[in-house]
Amino acid sequence: MSGEATKTIDPKVLWGGGRSPFSVSYGKMMMWFFLVSDALTFSGLLAAYGYVRHSYTGAWPIGEEVFHAFPFMGTTHLPLLYVAMMTFILIVSSVTMVLAVEAGHRMDKRGVIKWLGLTILGGFVFVGSQAWEWYHFIHGSAGYVVTAEGDKAWLTTDISGKSVSEVADFALIFNRGTENERQVSGAEAINIYNNKLQHVQGANMTVNEYGPPQYANFFFFITGFHGFHVFTGVIINILIFLNVIRGTYDSRGHFEMVEKTGLYWHFVDLVWVFVFTFFYLI
Amino acid sequence: MLRDDLFVNDSYSVEARHDEEHGKVVRKKIVFVTVLLTIVTLVEVLLGVFVKQGTELWPVIKWLFIAMTLVKAGYIVAVFMHLGDERKSLRYLILIPYALFILLLLYITITESNYLNMLWSTYF
Chain A
2 MSGEATKTID
12 PKVLWGGGRS
22 PFSVSYGKMM
32 MWFFLVSDAL
42 TFSGLLAAYG
52 YVRHSYTGAW
62 PIGEEVFHAF
72 PFMGTTHLPL
82 LYVAMMTFIL
92 IVSSVTMVLA
102 VEAGHRMDKR
112 GVIKWLGLTI
122 LGGFVFVGSQ
132 AWEWYHFIHG
142 SAGYVVTAEG
152 DKAWLTTDIS
162 GKSVSEVADF
172 ALIFNRGTEN
182 ERQVSGAEAI
192 NIYNNKLQHV
202 QGANMTVNEY
212 GPPQYANFFF
222 FITGFHGFHV
232 FTGVIINILI
242 FLNVIRGTYD
252 SRGHFEMVEK
262 TGLYWHFVDL
272 VWVFVFTFFY
282 LI
Chain B
2 MLRDDLFVND
12 SYSVEARHDE
22 EHGKVVRKKI
32 VFVTVLLTIV
42 TLVEVLLGVF
52 VKQGTELWPV
62 IKWLFIAMTL
72 VKAGYIVAVF
82 MHLGDERKSL
92 RYLILIPYAL
102 FILLLLYITI
112 TESNYLNMLW
122 STYF
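Chains A and B are the protein sequences, given in the same order.
Just add 1 to wherever you are in the first sequence, counting from 1, and you've got our numbering.
Just add 1 to wherever you are in the second sequence, counting from 1, and you've got our numbering.
In short, the hints are calculated from the structure, not lab data.
From a predicted model like this one, the values you see are computed outputs, not experimental measurements.
Treat the hints with care, since some could be wrong.
[Unchecked claim] Simulated restraints on C-beta separations: (1) A:K115 / B:F33: 18 to 24 angstroms; (2) A:W61 / B:L47: 21 to 27 angstroms; (3) A:G187 / B:G75: 44 to 50 angstroms; (4) B:R18 / A:L122: 27 to 33 angstroms; (5) B:E57 / A:W61: 31 to 37 angstroms; (6) A:I139 / B:E22: 31 to 37 angstroms; (7) A:I114 / B:K25: 18 to 24 angstroms.
[What the hints assert, rightly or not] With a cut-off of at most 20 angstroms between alpha-carbon atoms, the simulated EDC-like pairs for lysine to aspartate or glutamate come out as follows: (8) A:K115 / B:E21; (9) A:K115 / B:D20; (10) B:K30 / A:D109; (11) A:K261 / B:E22; (12) A:K110 / B:E21; (13) A:K110 / B:D86; (14) B:K63 / A:E66; (15) B:K25 / A:D109; (16) B:K53 / A:D109.
Note that CB positions come from ideal geometry on N, CA and C, so glycine has one too.
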């Protein structure tokens with residue numbers, strides 16, 4: 002019975018207190034715990050999206066058909082290209098961040114300043130890109146009208162800011178994308194338009210031209226929540242950046258704060274990888 | 002089995018300092034992961050653009066998307082967040098509770114949404 006007690010154990014093997022059993026600092030461990038809880042939040046959002054989409058019996062919008070615009074390219078059909086560019090920007094800013102962390106471990110202050118500065122720049126570009134995407138999503142295209150009979154008729158041209166009679170070749174398409182597709186133009190189309198119940202263009206919280214209202218709601222919530230994380234990440238990065246310039250971490254003797262904000266920044270990139278797949282691709 | 006507390010890799014503890022040599026190794030790894038992430042993203046976008054939903058190939062592509070996403074996520078967590086260089090105990094402390102919660106959540110949402118879909122398409 003006394004076997005265990007009499008056996009001598011090298012004290013170096015045992016954890017005897019005084020340092021973290023995981024060999025990480027308190028702050029880094031808490032950052033990891035926060036990231037786990039935040040990851041659960043995002044997983045919850047994406048799972049809820051999947052739940053609603055999977056239980057929905059009608060047609061659900063397809064990413065490449067909704068997101069095909071690019072700034073300064075007008076109506077050119079470029080499916081997913083803009084989102085792909087945003088994804089790439091975030092990956093690159095993640096790379097510059099990990100290079101900043103790497104420079105911090107070598108106590109290379111100038112390297113940290115350079116790479117962290119580029120990371121902040123990438124963050125701003127991403128947030129700006131998302132703002133443009135939101136603007137485009139909300140503004141929408143020509144949209145459709147709900148006729149007095151309750152049918153859906155798609156406009157062939159964007160009439161925003163004009164009245165229908167001013168638009169040349171004003172036409173409406175019924176049963177778009179089906180075998181019974183038919184186009185109505187001229188005075189008849191204008192008459193249908195003037196007696197419409199509703200003209201749905203772009204997206205808001207109750208109705209959108211892309212699909213069921215939950216689609217736009219999830220778009221706003223998921224990409225908005227992620228965008229908020231990116232924005233917070235940029236703010237934290239700027240604070241750390243100012244501390245690096247002031248030499249706070251030189252006198253502290255280590256750049257672990259850069260590593261901790263780096264963990265958060267990589268997490269934001271990680272979330273986007275999943276949002277990109279489950280919201281835009283699938 | 003290697004005793005993790007005996008063979009410690011403490012390259013990312015607060016006291017750790019990397020020399021130029023170690024920096025080179027780390028940077029090489031970073032470049033590799035960058036190239037990998039870029040290529041996988043590019044493949045994903047091309048498949049998304051050229052394979053239409055609802056075609057025969059689509060289910061395969063869908064699972065391929067999920068697999069590629071998990072590969073990307075794995076590299077980001079293991080290399081960029083260098084969880085792969087932390088102690089094994091910390092690694093499991095982070096990953097196992099998360100994985101358990103998510104698997105349960107996925108199980109619940111998939112079965113329930115399947116049921117709802119069946120219900121609605123049958124009775125409405």
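Fill in: Hint numbers contradicted by this structure
Violated: hints 3, 5, 6, 11, 13, 16.
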